[in-house]
Each structure stands twice: as structure tokens, then as C-alpha cells.
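**Student:** Read off the chains here:
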Amino acid sequence: MDFSYSPKEEAFRKEIKDWLAENMKELPRWWFDPNVLGPDLDSPEMHQFNLWWHKKLYNAGFVGINWPKEYGGRGATLLEQVVFSEELAKHRAPGPTNGLGIGWCGPTIMSYGTEEQKKRFLPKILTAEEIWCQGFSEPEAGSDLANIKTRAVDQGDHYIVNGQKVWTSGGHYSDWAVLMVRTDPNAPKHRGITYLLLDMHAPGVTVRPLRQMTGHSEFNEVFLDNVKISKSLQVGETNRGWYIAMGTLEFERSGIGATVMRENVVKDLIKLAREMKRNGEPLSKDPVIRQKIAQFYIDVNVLKYTGFRALTGQLRGERPGPETLVGNLFGVELNQRLQDFAMHLQGPYSRLVRGSKYAIEHGDWQYRFLRSRGNTIETGTSEIKRNLIAERGLGLPRSGR
Amino acid sequence: MDFGLSEEQVMLKTSAREFLDKECPKKLVRAMMDDEKGYSAELWKKMADLGWQGLVFPSKYGGADSSFLDLAVLLEEMGRALVPGPFVPTVVHVGRAILAAGTDAQKEQLLPKIASGDMIMTLAFTEPSGSLEASGISIKATLDGDEYVIEGTKLFVPDAHVADCILCATQTKESANPEDGITLFLVDAKTAGIKTEVLKTMTGEKLCEVLFSNVRVSKQNILGELDKGWPIMQRIFDEAAIAECAWMTGGIRWILETTNQYAKDRIQFGVPIGAFQATHHKMANMAIEVEGSTSITYYAAWATSENIPELALAASMAKAWCSDSYKHAAFEGVQIHGGIGFTWDHDMHLYFKRAKSSEVAWGDGDHHRERIAKLLSM
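Residue numbers (this note's numbering), protein chains in the order written: chain A, 104 to 504; chain B, 19 to 396.
No wet-lab data here; the hints were simulated from the structure. Don't be surprised by glycine CBs; every beta carbon is placed ideally from N, CA and C. Don't take each hint at face value.
[Said to hold, decoys possible] Partial list, derived from the structure: chain A residues whose beta carbon lies under 7 angstroms from chain B: (1) 196; (2) 394; (3) 415; (4) 497.
All chains should be built: construct the whole structure from the sequences, respecting the hints.
**Tutor:** Below, the structure is given as C-alpha cells:
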């Protein structure tokens, strides 16, 4: 039993740390100081900031580090990926943009796409020259994703696609999308779906932003009105699209990046508790508050060490076990509890949002608190995740959902 | 990076489970609840013959030179089997303390007997105040010639009625700082003036009231130094808490596996109750707590083996988490079993009760959370 890293991994860590030390100096003050107002999330200024930082990371070879070298990545090992995520999170550094493209769409094309598709799309994903989104969910197909109805009719060398997608994150500034469409309405649900690549600027594609609880519009509705998609943009076999979408892409299982971010939040909560007062005393001296913060500290460490067990299983070549499945769920629910607790610490000030006089840290906690409610819904609701833990982790019979 | 068990540790775990499945069935556990001694001498000897009592002691004392982490693997299996008797008090509470703080003479005299199973030891720390702080010790040891005279009451002392030797935490000096002036004495249990009464517990564990009336003990029997026993106690607290967590982890996993199997077997409304979403969710929540227990306990056991600076924090994190999760698992374990989960005949209540007892041993969740707050300089 050993928590150390090899000299090669430690050398990589040093490379990242040195680069961050040098380049984070260029970050604007608002990135570090919660009392300095930064651009709003949806703003063009924020978008430019993300692209500017992405370019720096890309030039340093720190984008898509786990992509094979032949596709522009670094071929980073699992542990190198862990080290990278750990250091970025420890330093509270911004990450690359085009997350869906680099994390999902690109790897899917790598695993299942043609050589032409790889050549055409992969390089511009890494540079963020082309931004990607996912056209999966529909109004009638959320948790029950196989229930999609967006129809692609075969016209020989292309499809004509009609339908609607929803919750398309980043759709309003995306250039391309991975798209699940129904090509055989007569087949059983999962076996009539095809995986296509959609040009978001093609005629017939309309993107309408959806406003979320936080006030921003991270996601969208996408309407497809007789959109023509060439068959050269089909990934994998016809009617096998479901299995491609669900295909296991080998993500590193430790989740350490997100875990370290939660550790940072716990540190920030301690700081907040020291600053906020009740009856003249800092909240950090209140016994109940101390109990709750200590429990968060325990929770984040349980998350961390469970993640290392999941990673160990992966390094040993084992299939994901219960320790892998529980980690993700526990982490997102922990985040919700952390953010809710920050509200609790702020007392009456918890009502004040960005732009308000007297708002604490420009309403950043308020944004995170509201945004966190989406964490147990996106990428699988916590109810579904519990079903999967029960079914795949514990072998219980499938529920009627 | 490898947060897993070695091949040898897996072998130890597997062989321990096979042995205990055969030699420590629930029938024995239940019988020992009502038994006066509370443990099987036969099982005790068999464990010694396997080298279990000696596992973590140096080979020169008849031990196996294994690590605390190895011991944690064994303790998990013993906790799963609810092994009755004084194993942990002997090996962990007192044995490890002698190993850490004893003189060469004390080690030579006592450790071989612990390793061979020929000596039963227990630690008398808690008093009627129930406190785990130095200020909770009011039992006094007063110097009289070459001997100290111990006077006072200890409570919840495991297996004191069968112990050969009791390690007693006393106050030998009054001081503004209560942590200054604590002395640990190795007291022969047959010494005149010691009166032991077994308390009636929910679990059947033999926790005792031990009255010390004019108990004379040689100053040779001091463990460590006069007045400087508190640092030894602090180390014992951490190791005892982690050992308890390892024991608890075995029990929590038994609850998960047993309840999971029941959910697959029990048919109602034409389907296994394990097919209902509510059951899925309860079992998933239990799985989160069980996996968390394993993760944090083994980290803490590793921290003990490696003697890292963060050991105290690790011990408190593990004990707080396991205290809550064993209890939650036990509550749901009964609930999911329905009516039979509530019966005496079903084994669930044995674990349920152990969960509650373990929760309060060596500090409950609240105690350890406050300790964490202090360690984080809140």
C-alpha cells in the first residue's frame, strides 16, 4: 500500500507546477480575489478569457494530455493525468475550454470514427478552434435517453434530420455536435439509433438559449428542421449509435481534480466561518458549525481515498467496482451540501447576489449554490446513479425505474 | 500509487475468514453473551497457534513482525465474525503500548506471553465521568516507599474479570495542566484490593467496573515515565480508535452483503424486494457509507504503519465516519429485513448492537469532529 508517485510522474508534476507558477502571474486579479468583480459567466469577456488561457495551455502541451500523440495529445498515462488534474486544482488554475470536445466527442471519434473524420476534426478540437457540444437529450428523453425521437431519414448518401434537442450545453457557441438520431423507428428503442456529427452552422439548425436558475444560459434548445447530414459524418454502424454513445471511454477513475476542488471549498468555508460572526463571536467557534465543517473535511477525505481505491482498481486492470460508482455520486451531493452550508454561514446576507451592495464576494457563493442544484441532475440524475450502484455494483435486479 | 492489499494481506484475509466461519459461528457468539468468562479459551488458543496474538510483535518476542496495516486486515475479519473476547484489549490497547513505551525488561517479560496467548491484558482508562480527556482521570496513585497506592474506580473496562494484567491510567501529580501528571501502571489483576464486577451490556461484551482500593503496585510497573503517561495514552487512543474502525468495517460489510442477499431472495408482489427503486436507493446509500468506511479506515491503518504526522487526523476522520456509518447500515439492515430483522433469532441485532457500542468506544462522531476542528486550528 503506497500513495507515492514515480520519479517520472513527479517530474511531470514539477513541469506543471513550474509552468503554472510562471503563467498564473498573467491571470487577472479577479481570478484570485473574490472581492474583485470579474466578468459574468455568459459574457463575451469571459469567453475571450477562456480562449486566451486555453491557447496558453495548448502551446505548453497541456491540452488533451491523455490523447494519443498521433492525434496531438501527450499520451499521458493514468497517473500522469491524475497528477495533472491534482496540480491544476491545487493551484486553483483555470482549465482548458471545449471540455465536451476534448473529453467526450474527440475520444469518441478516436475510438469509433473513420480516418477521414479523425483527420478532419481532432486537431481543431484540441486548439478549440471548433467548439463541440452534445445533442443527446430531448424533451421526452432525459433519463430515458433511448426514447429519443429526432428522426433521420435515409436519402442515399445523406440523411434528412428533423427534431429537437434540449439541455445542449454550450450549443449557442458551438461549431459541431455529436448527435443521436432515430434511423429505425420500428426497431426496439436502443437498436434504432445512429450516431452522427452535426455542423451547428448548417441550414435548418436553430439554437435557442435556455435560461437557468442562476440567470445564465449555459444550455440550449436545438431545433433541427430538414437538416441535411452527409453519411460521411456518421460514426460507426447504422442503428448501433446507442452503443457508441454509451461506449466505455477510459476515463481515469480517481476523480482527484474534482475532489481537490471540494477540498478548496472546505478551506474557503473555514475562512468564511472565521469571518462571519454570531453574537460577536466568529462562527468558527460555534460548536455546531465546527461539527459540520469537520464532517465536510471527513467527507472530502473519504471521497479522496475512495477515489484512490477506484484508481488502484483501474491500474490493476480491474473492471469498475462499487467504489468507483459511489465516488461520483457522493462527490456531487457533497458539493451541494458544501454550497448550501456556505449560504447557512452567510445568514441574512445569503440573499444577496452579484451586483448588490453588501453582497459577500460578489455573490460568487450564491451562484455556486444555485448552480450546484444541477449537479445531481446533469450527466445522470442521482436517482439513476443510485439505481446503477444497486444494479451494477450490488447485482440487484433491475427496477422498473 | 497502490491503495490496495498486497497478496500476503489478501491471503491473511481469506484464511482468517475461512477459519472464523468455521471456528466462530454465531452460535458461539450468542453463547458467549451469556457466558461468565465471555470468550472461548479453545478459540483463543487456536488464534494464538495461528500467530494472531503475536502478529504485530517482533519475532524476538515470538511475534510475526507484521505491520499495523496487516493487523487491521485481521481485525476486519474478526469484526465481521464478532469474535468475543479480549483480543483487541490485549494486543492493541496494552500490547502495542508496551511495545512502544515499555522498558526492555517489561517487553521481554510480557510481550512473549501476549504473543503466545498466555496472558490477557486490558486497559483501564474511563472513569464514571465518561470523559476521554486527562481531566477525566481522578483515580489517584500515591507514592508510599517503593510502591504506589491506587485508589479509585474505573468503568467500561473490557474483560477485566478475566485479565491477568490491567494497565491503569492514574493521576500521580496535581497540575494546572491535567495532561501533566498522568501515570500508567501495569497492575497484576490478582493484586489485593481489586474488585471487578461485569456490567450488563446490550452486546454481551464483558465491560467491567473495576474498583481499586488500596492497590499496591511497584514503581517498576510504571509504563513509560512517572507523570508522563499522557503521550502514551494519546497514541493508544489513536490506535484503539483505528482498530475499532477496522473491526467496525468488517461488521458494516457483513450488513451490506447480508441485506443485499435478502433483497435478492425475498419475493413480494411477485418480484424480489431488491427490484424496487426504494430498495435500490437504500442499498446505494449503504454502499456509499460502506465503501467510505473501507477507504478511510485503511488509510488510517496505513497512516499508523507509516507513523505519519497526520495520524491523529486520520484516526479521528475514520472513527467519526465509521461511528455514523455502522449505525446507519444497521438501522437499514433491520429495516430492509422487515419483521425478521427485528427478531432475536436473526443475526442482524448482534451487529446493530455492536454498531452502537462501537460508536461510543474511543470517542463518538461528535468527539472526533471537535478534535478535527481543533487539529485544523479552527
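**Student:** Take the hints in turn and mark each one as holding or not.
**Tutor:** Tested hints:
The interface hint given for residue 196(A) is violated, since its Cβ lies 22 angstroms from the closest Cβ of chain B, which is over the 7 angstroms cut-off. The closest approach between the C-beta of residue 394(A) and any C-beta of chain B is roughly 5 angstroms, which is under the 7 angstroms cut-off, so the hint is satisfied. The closest approach between the C-beta of residue 415(A) and any C-beta of chain B is roughly 5 angstroms, which is under the 7 angstroms cut-off, so the hint is satisfied. Annotation: residue 497(A) was flagged as interfacial toward chain B, and the flag holds, the nearest CB pair being 5 angstroms apart, inside 7 angstroms.
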